[in-house]
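Protein chains in written order, with full-length UniProt numbering: chain G, 1 to 833; chain E, 1 to 123.
I should point out that these hints are in silico values taken from the structure, not numbers from a laboratory. If you're wondering where the values come from, they're calculated on a predicted model, not measured in any experiment. Keep in mind that the hints are not guaranteed to be accurate.
Stated by the list, open to error - In the DSSO-like style, the derived pairs of lysine-lysine whose C-alpha atoms are separated by at most 27 Å in a straight line are:
| hint | chain 1 | residue 1 | chain 2 | residue 2 |
| --- | --- | --- | --- | --- |
| 1 | G | Lys264 | E | Lys95 |
| 2 | G | Lys372 | E | Lys95 |
| 3 | G | Lys686 | G | Lys499 |
| 4 | E | Lys104 | G | Lys264 |
| 5 | G | Lys499 | E | Lys95 |
| 6 | G | Lys573 | G | Lys559 |
| 7 | G | Lys209 | G | Lys246 |
| 8 | G | Lys466 | G | Lys495 |
| 9 | G | Lys602 | G | Lys573 |
| 10 | G | Lys776 | G | Lys726 |
| 11 | G | Lys559 | G | Lys495 |
| 12 | E | Lys95 | G | Lys559 |
| 13 | G | Lys573 | G | Lys726 |
| 14 | G | Lys209 | G | Lys184 |
| 15 | G | Lys559 | G | Lys686 |
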Amino acid sequence: MNAPMSIKGRSSPARGRERLVVIGNGMAGCRAVEEILARAPDRYDITIFGAEPRVNYNRIMLSPVLAGEKRFEEIVINPQEWYDDNAITLVWGDRVDYIDREHKSVVARSGRVEPYDRLLIATGSDPFIIPVPGHDLDGVVTFRDLDDVDRMLAAAETGGDAVVIGGGLLGLEAAHGLSLRGMKVTVVHLMPTLMERQLDEAAGWLLRKELEGRGQTILTGANTKHIHGVDGRVVGIELEDGTRVKADIVVMAAGIRPATGLAKAAGLDVERGILVDDHMVTSDPAILAVGECVQHRGLCYGLVAPLWDMCRSLADFATDAPTGYSGSVTSTKLKVSGIDLFSAGDFSGGEGCEDIVLRDASRGIYKRIVLKDDRIVGTVLYGDTADGNWYFDLMRRQEDLSDIREGLIFGQAFASGGALADPSAAVAALSDDAEICGCNGVSKGTVVKCIEGGAHSLDAVRAGCKASASCGSCTGLVESLLSVTLGGDVESGPKAMCKCTSFTHGDVRRQIVEKGLREIPQVMQELHWSTPDGCASCRPALNYYLLCAWPGEYVDDQKSRFVNERMHANIQKDGTYSVVPRMWGGITNPRELRAIADVVEKYDAPMVKVTGGQRLDIFGIRKEDLPAVWADLNAAGMVSGHAYGKSLRTVKTCVGSEWCRFGTQDSTGLGVQIERMTWGSWMPHKFKIAVSGCPRNCAEATIKDFGVVCVDSGYELHVGGNGGIKVRATDLLCKVESEREALDHCAAFIQLYREEAYYLERTAPWIERVGLDHVKERLFSDPDTVAQLAARFRFSQTFMQDDPWARRAAGERSDLHSHIATVRPVAAEMEKA
Amino acid sequence: MMFGDWLDIGPVTQIEAGTARTLPVQGGEEIAVFHTMRGEFFALVNACPHRKGPLSQGIVHGDVVTCPLHNWTISLRSGNALGSDEGCVPSIPLKVDAGRIYLKRSAVVAPRAGPAGTGARAA
Ligand code: SRM
Ligand SMILES: Cc1cc2nc3c(=O)[nH]c(=O)nc-3n(C[C@H](O)[C@H](O)[C@H](O)COP(=O)(O)OP(=O)(O)OC[C@H]3O[C@@H](n4cnc5c(N)ncnc54)[C@H](O)[C@@H]3O)c2cc1C
Ligand code: SF4
Ligand code: FES
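With these hints in hand, go ahead and build the complete structure from the sequences.
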C-alpha cells in the first residue's frame, strides 16, 4: 500500500472529462465507480475521498477477520493498483467536511478543495451509540471498520470479559468473534428475542440455546443504564434492574444510523437518510447518493444486496442510459460458524397470512414459511438453510404456490416437479423401502403393511409399527399414507390439543415427563408446534403441565395465564374485579368481618355477597386498587381465596359433631385441616371439596370433586362430583377410619388428578373418561401408592402455599396494576403514573 | 418533543413481552399498548368490539390477543376480530425509536365516533 496522498489545491481535470467526486471509499462508493467504469471508462475524471486510511475492502468480512477466520489482505476488494490502473485519485485518511454546492466543490479536513461536476455521496452509516453515562469511556467500542476490529483484538489479547450491547446480527457476530478469541462474553439485548428483526421467538430461542451452549451469557429484555469506569477505563455495565456485569471491553452494536450530516449541512433533502429518486439523484440534480446513507421510497437499507442494485441504476443514469431502481427485498444470514440461519421478508404474520411450520427436534431444525394469497411473504429457517435461496427466489418473484403449497416446507427437492407436487402423490411415489419414521427406522412398506393389517388411525399405526410414535415429525407423512392406502376410511383419533399441534393432551403430558422438557419454548420445539408461540388455549395448558411436572423448579409463566390467575381476582363484565378472601372451612370472626366491611367502604365496592362457597365476595374493585385491598385483608389475617383459579377453591363444611345433634365427627375441623393442606395448589381445573358431618350431607359433599361424608365408624370418601352445567353425583372411592387417612387419601387423589387429567378437565369428566376402576387401580393396587402420591402433593405444596396477594401487596409486579401514564386531552401532556 | 406529532410514552422495557399495559386518556377511550413475544409493539383502544372487554388483560400470542371475557381473538395489527366473529376496534399508529415507544398524537387525543369514555371502567 502506498502513502496517503495529501496534495493540496485543485487538481486539473483531463481535457473534456467531467469531474466525478466520490465521498466514501466504502462498499457502495467503489461499487458505483466500478459500474460506471464498466459502462464508460473514459467519461469521468474520478476522485474518491475515504475517511479510513486504507483501500476499499469488504466490510461484511470484518466478522471473519475478528473471529480469526480471515486476514485483512484477504478481504480487500480493490487494491491500490486498481485505483492506479483506472486513473482514480484516492484520497485516503481524509474526511470531507463540507460540500459547497454554490461553487460545486468539496472541502476536506486536510484543507484540500476538490471541484466537481457530479458529486456522489456514499458515506454509509454511523454506529448508534446509546447515550448512557459512561458511553465515552476508554474500552467502549463500536463495530464498523477495521480500526474497531483492531481495538477488539487488542482487548482480547489479555482475555477477560466482554459485554456486547445489542443482540442483532452485528452484535452476535462480534460476540462470536470475541468468544473465539478467548473472552468471556455477555450479550445484553433490549428485546426478548435475539435478532428480533430477523427471527421469530421460536428460532430466537434455538439460537439462544446454541449460543449459551457455547458459553456465552445472553441477557434479554435488558436495558443498559450505566457503563462504569475506573480512571477513564471501562470496568463493567449496570442494567436498569440493577444487575452488574464485569467488562474489560464493551462493544456497542445497538444499531446504525445513516450518515447524513454532510448532506444535511449542504441543505439537501434528508429524512432518516438522504432522499434519492429511482436514479439515486438527491434533491440537487448534480449530487447523487448511494448505499446505506440513502433513503429510497421510504426505506433505508443495512445490507449489501440492495447496494448492488442501487449502483447499477446509478451507473445507468450517470452514463445517460437511465433504467431506475425500484427497491429491494432482502434476506439475512448470520455469519457465525456452525449456525445456519436464514431469514427473509416479513414473517410477522398478520391478516390473511398463513404459517407453515416444520420442526425437527432431533436435528434442531425449525422452518417457517409465511404465505399470503398462496405467495411467500416471509421465511425463517434455522438449522437447515439449504432451501433458503429457493424460498427467497419464490418470494421475490411472488410466485403463486397453490399447486405445491402442501409440500413446500419440505424443500425444493420434495415440492417441485410435476407428479410430486401433490403430497399424497409424492408419498405414493416413494419406494417401499423409503424411510418414513427416522426415529424408529420404519419404512414406507412397513407402515403400509400395518395399515393394511387393520391400523386405520394414526394412533393405531403408532401402536402397530411405532411410526410417528416418537418425535412426531413424520405425522404428516403417516397421515398421507393412511389416506393413500385407505382412501376416505381413515378414522380420526383422539383430538389434538389445539390447532398448534397434532399431539393430544395425553401425548404432551407424557412427553414432557419422558423427555424432561422444562420450558414452554422447549416443548414447542421438541413437539413440533406448528405456530411460533402457541395460542391462548395451549399456552395455559403447557404452563400448568410444566408446573405440575417440575414443582419448585419451573418458573410460572404469568403471560400464559388467564387474566383471573394473573390478577388473582375475578374479572367482571365491566373490567373491574371481585375479591374473595379465604375463610377456612367457612368459619369467620368479627375481625375478618370488620376488615371486609372496611374494605367495602374504603374502596367504594358496590356490592358484597355471600357466595355459594361459604365466604364473602367483594365486587367492583379496580385493578389499581387490588394491591391495597389485599394489603388491608392481609392485615386482618386473611389470604387469597383463589376464587379465580384453576386451583383449590373452597372446602365447604357443615356444623358437625361439635354442635349438631346428628353430627358423627368433627366435619368443620376436618374441613379446615383439609383446606390448610390443599390451599394454593394449581389444578387442571377448579377443585372443590366439602365435608359433611353425617349422611344428611348439608355441605353437599356428593357433588364435589372430593367429598367426605362422616359416619359413626369413620369417613366415606367420595370423588368426581360436579354441580354446575352437568350435574354428576360422586362415586364412592373408599372408606377410612381416621382423619389422618382421610387427609392422605385426599392428597393422593388430588395428586393423581393433577398428574393425569387434561387441562380444563374437571374430575367428573376425567373419571368418566378413564373410569373409576382406573382411579382405584392407580391408588390401591400397590399399598404404597397413596403415601407416594400424597408425598408428591405435599412436596409440591411447599412451593405453592405462599399467598399471592401478600406478594402483590408488597409491590411485586406493580406493572400489572398500574397504567403506563395518563394522557390529558387537548394539551395531551403526559403525567407519569 | 412535547407538541410534536408523536407522543413519547416511555421505554420499551416498561411492558414485558407477551403482555400489555394501559394508558387512560382523559375524556377519551383508554388505550392498550401491547408488546408481543416477537418484540413488536401495537396500540389499540382497550375495548373489545364484542362487549368492550379490556383487551389489555387478554393472552397475547403471535400478533393477536384473545379477549379475557369471551375469547374473541383480535388482530393487534388492524384491530379486526378474527375468525367467524365480526367487529373492529380502532388501532393507534405506534413507532419505536431508540428504545422508546411513541403514539401518533392525533390518534390518541382525537375524539372518536361514539360516546367517549365507554371503554371498560378499569382495565
Ligand atoms: C361467586 C359464586 C356465586 C355466588 O355468588 O355464590 C360463583 C361465581 C362464579 N362462578 Fe360458580 N360461583 C360460585 C359457586 C359455584 C358453585 C357452588 C359450589 O361451589 O358449591 C357451583 C356448582 C358446583 C360445581 O362447581 O360443581 C358453581 C359452578 C360454576 C361453573 C360450572 C362448573 C362446571 O363444572 O360445570 C362455572 C363455569 C366454569 O367454571 O367454567 C362457574 C363460574 C363462575 C364464575 C367464575 C364465572 C366466571 O368465569 O366469571 C363466577 C365468578 C363471579 C365472580 O366474579 O366472583 N361456576 N359455582 C360462587 C363462588 C364460590 C366461592 O366462594 O368461591
Ligand atoms: C461487521 C459487519 C458485518 C456485516 N455483515 C453483513 C452481512 O453479512 N451481510 C450484509 O448484507 N451486510 C453486512 N454488513 C453491512 C454492510 O457492510 C453494509 O451494508 C455496507 O458496507 C454499506 O456500504 P456503504 O458503502 O453504504 O457504507 P460503508 O461500507 O460503511 O462505506 C462508507 C465509507 O464512507 C466513509 N466515510 C463516511 N463519511 C465520510 C466523509 N465525510 N468523508 C470521507 N469518507 C467518509 C466511511 O469511513 C466508510 O469507509 C455488515 C457490516 C458490518 C460492519
Ligand atoms: S351462575 Fe352464571 S351468572 Fe351466576 S355467578 Fe355463576 S356463572 Fe355467573
Ligand atoms: S367482550 Fe371481548 S369477547 Fe366478549
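>> Hint check: Lys95 of chain E vs Lys559 of chain G, CA-CA at most 27 Å. Holds or violated?
In response: 23 Å, holds
> Do the alpha carbons of Lys686 of chain G and Lys499 of chain G lie within 27 Å of each other, as the hint requires?
Replying inline: Holds, at about 24 Å.
> Under the criterion that the straight-line Cα-Cα distance not exceed 27 Å, is the pair Lys104 of chain E, Lys264 of chain G satisfied?
Replying inline: Since the Cα atoms of Lys104 of chain E and Lys264 of chain G sit roughly 26 Å apart, the hinted pair holds (cutoff 27 Å).
>> So if I understand the rule, the pair passes when the alpha-carbon distance is 27 Å or less; does Lys573 of chain G with Lys559 of chain G pass?
In response: 21 Å, holds
> Do the alpha carbons of Lys466 of chain G and Lys495 of chain G lie within 27 Å of each other, as the hint requires?
Replying inline: 19 Å, holds
>> Tell me if the straight-line CA distance from Lys559 of chain G to Lys495 of chain G falls inside 27 Å.
In response: Cα-Cα ~25 Å, so holds.
> Between Lys499 of chain G and Lys95 of chain E, is the straight-line Cα distance small enough, at 27 Å or below?
Replying inline: 32 Å, violated
>> Hinted pair, alpha-carbon criterion (27 Å max): Lys776 of chain G, Lys726 of chain G. Please report holds or violated.
In response: 23 Å, holds
> Regarding the pair Lys209 of chain G and Lys184 of chain G, is the alpha-carbon distance no greater than 27 Å?
Replying inline: 17 Å, holds
> Regarding the pair Lys573 of chain G and Lys726 of chain G, is the alpha-carbon distance no greater than 27 Å?
Replying inline: 24 Å, holds
>> Would the hint linking Lys264 of chain G and Lys95 of chain E be met if the CA-CA limit is 27 Å?
In response: With Cα atoms ~24 Å apart, Lys264 of chain G and Lys95 of chain E stay inside 27 Å; holds.
> Does Lys209 of chain G pair with Lys246 of chain G here, judged by a C-alpha cut-off of 27 Å?
Replying inline: 22 Å, holds
Hint 5 alone, counting from the list given before, is not met by this structure.
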